[in-house]
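**Student:** From first to last, the protein sequence lines are chains A and B. Numbering that gives the first Met the number 0 puts the first residue of the first sequence at 0, with every later residue one more than the last. Numbering that gives the first Met the number 0 puts the first residue of the second sequence at 0, with every later residue one more than the last.
Treat the hints as calculated values from the structure; they're not laboratory data. Among the hints, erroneous ones may be present.
One side of the interface only, derived from the structure: several residues of chain B facing chain A at Cβ under 8 Å [said to hold, decoys possible]:
1. 12
2. 16
3. 35
4. 47
5. 52
Computed cross-link-like contacts, SDA-like style, restricted to lysine to any residue with a CA-CA straight-line distance of at most 25 Å [to be verified]:
6. B:66 / A:575
7. B:55 / A:744
8. A:131 / A:207
9. B:66 / A:347
10. A:453 / A:191
11. A:364 / B:35
12. A:462 / A:575
13. B:66 / A:410
Covered stretches of chain B, going by a simulated chain A footprint (3 or more residues, C-beta under 8 Å) [unchecked claim]:
14. 18 to 30
15. 53 to 60
Note that beta-carbon positions come from the ideal geometry of N, C-alpha and C, so glycine has one too.
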Amino acid sequence: MDQKLLRERETRCNQENPPGCTAGCPVHVDARGIIAAIRKGDYATGLSLFHRMVPFPGIISRVCDQPCQQACKRKELDEAVSINLLERICVDNNKLAASITCQPPKNKKVAVVGAGLSGLTVALELSRKGYKVVVFEATDRLGGSIWNIPESKLPRYLIKNDFQIFEQIPLEIHLNTEVAGCSLLPFVQLYEQYDAVYLGLGSREINALDLNLELDAGGNIVIDALTFATSHPKVFAGGSIRRCDESQSPIVAITDGKIATNSIDRLLQNASLTANREKEGPFTTTLYTNIEGVERQPRVAALDAASGYTKEEALQEANRCLLCECRECVKNCEYLGHYRSYPKRYVREVYNNLSIVMGIHHANKMINSCSLCGLCEQICPGKLNMAEVFQEARQMMVRKGKMPPSAHDFALRDMKFSNSDKFVLNKHQPGFTFSTMVFYPGCQLAASSPQYVKKMYQFLAGKIDGGIGLMLNCCGAPAAWAGQEELFRQTMQDIKDNWRNLGSPKVITACPTCYSMFTRNFPDMPVETLWTVLDRVGLPDSALALRAQRLAIHDSCTTRYEIQLQDSVRNILGKMGHQVEELPLSRSRTVCCGYGGLMIYTNREVAHKVINRRIQESSTDYVTYCTMCRDNFSGQGKRAYHLMDLIFGSEQEGLIQQANPGYSQRQENRERLKISLLREIWGETVEDLQRDVKIIIPESVRRVMEERMILDDDIAQVIAHAESTGNKLKNTETDCFIGYFQPDRVTYWVEYFPQNDGFLVQNAYCHRLEILE
Amino acid sequence: MSTSLEQPKIICATCKIYLTPGKVTLSYLGSNFPVELYKCPQCGLVYIPEELARGKMQQVEAALEDK
Chain A
0 MDQKLLRERE TRCNQENPPG CTAGCPVHVD ARGIIAAIRK GDYATGLSLF HRMVPFPGII
60 SRVCDQPCQQ ACKRKELDEA VSINLLERIC VDNNKLAASI TCQPPKNKKV AVVGAGLSGL
120 TVALELSRKG YKVVVFEATD RLGGSIWNIP ESKLPRYLIK NDFQIFEQIP LEIHLNTEVA
180 GCSLLPFVQL YEQYDAVYLG LGSREINALD LNLELDAGGN IVIDALTFAT SHPKVFAGGS
240 IRRCDESQSP IVAITDGKIA TNSIDRLLQN ASLTANREKE GPFTTTLYTN IEGVERQPRV
300 AALDAASGYT KEEALQEANR CLLCECRECV KNCEYLGHYR SYPKRYVREV YNNLSIVMGI
360 HHANKMINSC SLCGLCEQIC PGKLNMAEVF QEARQMMVRK GKMPPSAHDF ALRDMKFSNS
420 DKFVLNKHQP GFTFSTMVFY PGCQLAASSP QYVKKMYQFL AGKIDGGIGL MLNCCGAPAA
480 WAGQEELFRQ TMQDIKDNWR NLGSPKVITA CPTCYSMFTR NFPDMPVETL WTVLDRVGLP
540 DSALALRAQR LAIHDSCTTR YEIQLQDSVR NILGKMGHQV EELPLSRSRT VCCGYGGLMI
600 YTNREVAHKV INRRIQESST DYVTYCTMCR DNFSGQGKRA YHLMDLIFGS EQEGLIQQAN
660 PGYSQRQENR ERLKISLLRE IWGETVEDLQ RDVKIIIPES VRRVMEERMI LDDDIAQVIA
720 HAESTGNKLK NTETDCFIGY FQPDRVTYWV EYFPQNDGFL VQNAYCHRLE ILE
Chain B
0 MSTSLEQPKI ICATCKIYLT PGKVTLSYLG SNFPVELYKC PQCGLVYIPE ELARGKMQQV
60 EAALEDK
């Protein structure tokens, strides 16, 4: 991911975009922040946020015409939030100690003509930046037209409070000083003597002033809409003279002052007057906020309108605010929520993680924990696909040799097992020398429910003419998920070669992940899911053995866009008489079961959170069409069927509560399946499974082994090594033997007792630090 | 890496003698750590107890993997 792509991806996440009120406010007051502060009763923070953007908070708290309300999201539901009344309570509950910090003085002088709100804003903001500012005001007081507002609406003490600031800054103010063509101080003189001039002339008659500026046909000063520049390069103008309709909006006057300040500052620093100014003044936000399910609530009226809100009323109104934000993906994805931030930040963290040469790669675990299911892209208004980001990151880490070896090692070794002679099988149907179709059940159905592989193959062989072959192996998904591009490529190539050797038949996959791997990576391979085939050719007679029941469908995340598959699964359930319940997130918006992306291996904590959230979505029993989904759900106590359970199972088998066989048994099931298929379907003579060492593993030890991802085979190797070499220790208190062995990257330790002709395992643990003798 | 351990009641099954603290080098991802572990004073067979493997050693592994 280069910087350009990083930015493009960051832009897709709109969480940091301002809420409508802030974007709609011409000076971008953080109304959401103010309201959040009010909810906590923290009026000081509320005022501080208000004052940060509004130089005269007392005045604006009474007379703002609230353009923010037009953009308030709440307006789509009922009424906009009373933002100005909430700003007012912050002002009324604080004694504003006006304080200001000015930058070191600069050697540039600016003249401000007119001390209305726009001119005063320019004077204040430029003084703050260190410019020497001189204000010329024709009347005897500051404030201009705000004095026309009745005192009942704008108490005079607020004006006084707000203007106290001018006593603290090095500002020169000349009251009763008229600048005009015929006066002692003509405009042209100002233009010559000052580095810049701001004209906030209010309602003065332009023609009489001898401004020496270009005027339009109506006699108004020609002012650039973006920069407020006039025809004279040093002179800027704003405030009431910019508006022909004579509307008096104090907040717009302040906005004009801020925009002019920016222009003058840019002019005096020789910077571009026009670059990057799109977000000055009001704009429309692109922040997405979901208001589904939000209840309507009428706006809170102040009981005593003249006094504004009481604290109770303010809190009530503040609680109406939606505190607009997006977080759609974070709300729906347990994993993204786990890291307590949002994709814009995550993308940056991934970028930094990939860029650093020295130091700790803090985001490794986050990168390796995503299920890569793609729900985020489906939900995100900007279609940001975090699966793509994390997948790329994993590939990059592998390429650079920076992938933590422990992250995917176990899953990849399991894949290696499935792609070894112990499981791999590629055969035509007995009696055929060709295959028009080939059944590809996948490694996990064979691991968890091997009996269904045989039953389904036999059913398909009887149902489909023209010869249906069988392929057993792993589709390479673990390598793809682990970012192991070369291993994945090689695995795909092997599958392709074997498939071609069978005559390139149409592939029927039982596993949604195998289907997605093939359709994405083999454009020339015809693939169909078992479920669409069964929907078409009909079901085995056994499919009606289970009583009809109501079942909630969990769709597989790797086929979230396969509508035909999803329809077929529902049709099949319907044909069997079952009633289908849709989960809140289904079909294209389905969630991962915790297995995708190897999440369950790299971050069991998050995977369990993902599973638990999913299984709590409905109290109805679930049905899945992926073995890992069923095993993960039932592993956490949810009653769940695989569709095959319903097709081939019986009530007596207790299939809905079957336990995950465990890592070792899963491998053994695959191995035994191959043997039994070769014997019973192809009539071959195959030897039984041979175990060199007979080990006895109590249930409590097996649980520990599962958690530590230690296989029976690992245990057997340690004991065989210890017993054959004599390299073992003995605990003299318990008489327990201790052996260790490092077959590959991991060193396994086993505590065991000899028992009859075998060994009773008492404990097992492992580590990756290598013991150098 | 500190590996201060209680004297374990463990003997080397071949040499029939109690293990004693001795220097062992542990290595991971190109980093080597000289540590003191219980080992057979005669044949050098090493003992790593479960608490060490699943405690400090696991922390070191994780830190090195993220380096």
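**Student:** So, for every hint listed, does it hold in this structure?
**Tutor:** Here is what the structure says about each hint:
Given the 8 Å rule on beta carbons, the hint for residue 12 of chain B holds: about 5 Å separates it from the nearest Cβ of chain A. Interface hint status for residue 16 of chain B: violated, as the beta-carbon distance to the closest one in chain A is roughly 11 Å, over 8 Å. With its C-beta approaching chain A no nearer than about 13 Å, residue 35 of chain B sits outside the 8 Å limit, and its interface hint is violated. At about 7 Å, the closest approach between the beta carbon of residue 47 of chain B and any beta carbon in chain A falls short of 8 Å, and the interface hint on this residue holds.
Evaluation of the residue 52 of chain B hint against chain A yields a held restraint, the C-beta minimum of about 4 Å falling below 8 Å. The suggested pairing of residue 66 of chain B with residue 575 of chain A is violated, with an alpha-carbon distance near 55 Å, which exceeds 25 Å. Proximity of residue 55 of chain B to residue 744 of chain A is assessed by CA-CA distance (about 18 Å); at most 25 Å being required, the pair is judged to hold. Among the hinted pairs, residue 131 of chain A with residue 207 of chain A is inconsistent with the structure: their alpha-carbon atoms are about 28 Å apart, more than 25 Å.
For the hint pairing residue 66 of chain B with residue 347 of chain A, the CA-to-CA distance comes to about 19 Å; that is within 25 Å, so the pair holds. Taking the CA atoms of residue 453 of chain A and residue 191 of chain A, the gap is near 96 Å; set against the 25 Å cutoff, the hint is violated. Proposed proximity of residue 364 of chain A and residue 35 of chain B is contradicted: the alpha carbons are some 31 Å apart, above 25 Å. The hinted pair formed by residue 462 of chain A and residue 575 of chain A meets the criterion: a straight-line CA distance of about 18 Å does not exceed 25 Å.
Between residue 66 of chain B and residue 410 of chain A the CA atoms are separated by roughly 23 Å; this keeps the pair inside 25 Å, and the hint holds. Coverage of the segment 18 to 30 of chain B by chain A holds in this model, with 7 residues showing a Cβ closer than 8 Å to a Cβ of that chain against a need of three. Under a criterion of three residues with beta carbons nearer than 8 Å to beta carbons of chain A, the stated coverage of the segment 53 to 60 of chain B is upheld, 5 such residues being counted.
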